[in-house]
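Asks: Sequence:
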Amino acid sequence: MAERDEPIHADPVGDAGARESQHAGDHPRFTVVDKRSWVTREKEDNGQATGTDAPPVRLPTYLEQLQAQLQEKDRLLKTHLAELRHEQEEVRRRLARDLEQRVEHATGMLLTDFLPVLDNMERALEAAEQQPNLAALLEGVRLVRTQFLNVLGHHGLTPLNRQGQPFDPSLDEAVAMLEVTEASQDNLVLQEWEKGYTLREKVLRPAKVAVGKLPAEDS
2 MAERDEPIHA DPVGDAGARE SQHAGDHPRF TVVDKRSWVT REKEDNGQAT GTDAPPVRLP
62 TYLEQLQAQL QEKDRLLKTH LAELRHEQEE VRRRLARDLE QRVEHATGML LTDFLPVLDN
122 MERALEAAEQ QPNLAALLEG VRLVRTQFLN VLGHHGLTPL NRQGQPFDPS LDEAVAMLEV
182 TEASQDNLVL QEWEKGYTLR EKVLRPAKVA VGKLPAEDS
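In this note's numbering, each residue carries its 1-based index in the sequence shown increased by 1.
Source of the hints: derived by calculation from the structure; they are not laboratory data.
It is possible that part of the hints are untrue.
Pairwise CB distance ranges (calculated) [to be verified]: (1) 192 / 89: 53 to 61 Å; (2) 215 / 134: 43 to 51 Å; (3) 165 / 89: 36 to 44 Å; (4) 123 / 198: 20 to 28 Å; (5) 176 / 123: 21 to 29 Å.
Note that beta-carbon positions come from the ideal geometry of N, C-alpha and C, so glycine has one too.
Kindly produce the complete structure, drawing on both the sequences and the hints.
Replies: Structure follows, in structure tokens:
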């Protein structure tokens, strides 16, 4: 007996898979990367939000750098000013000490020069007590006066001899007016009541004088 041919049924699923396999073998696969900038930033933001990527290192801005530099310069300026004030105070104290020492030294030198005058005055008084001689006492006083003036002259003090000189308001202080009859005595220092002195060409004390005055002629 002859065998009967059984009908062959097509498998749709298998045929579709075979077709896909055949197509896959015929064409290579491609990977598509979206390089649009807003898509890339969106993915990066999503990655940072989910913590999948390490946080970026934050660098100081230009404004922060300027602020830090300004603070450092301000600190250095304050330090420099404090050091300068300290140095100025030290200089002021040193100058004050030097001036005080100079004044003390000058005063000591002046007083030392007057000590011999004081010694001679004491000797003159002792001699006058032992020998009451007016002539000897007068001579002793004159010697002391001369020595005293010499010491003053050594330190720059010079007496003003205004007797018989024309009245000078820069050197004289008129305390009296004396009527004169001669024109040559008009405005002339006739009496020197208190002697004036200059210290190194600068008037230390003006002389107190009486000045001659010629009466005005009647018209």
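Asks: Against this structure, judge whether each hint is valid.
Replies: A quick look at each hint next to the structure:
{"no.": "1", "hint": "192 / 89: 53 to 61 Å", "in the structure": "56 Å, holds"}
{"no.": "2", "hint": "215 / 134: 43 to 51 Å", "in the structure": "46 Å, holds"}
{"no.": "3", "hint": "165 / 89: 36 to 44 Å", "in the structure": "56 Å, violated"}
{"no.": "4", "hint": "123 / 198: 20 to 28 Å", "in the structure": "25 Å, holds"}
{"no.": "5", "hint": "176 / 123: 21 to 29 Å", "in the structure": "35 Å, violated"}
Checked against the numbered hints listed earlier, the structure breaks hints 3, 5; every other hint is satisfied.
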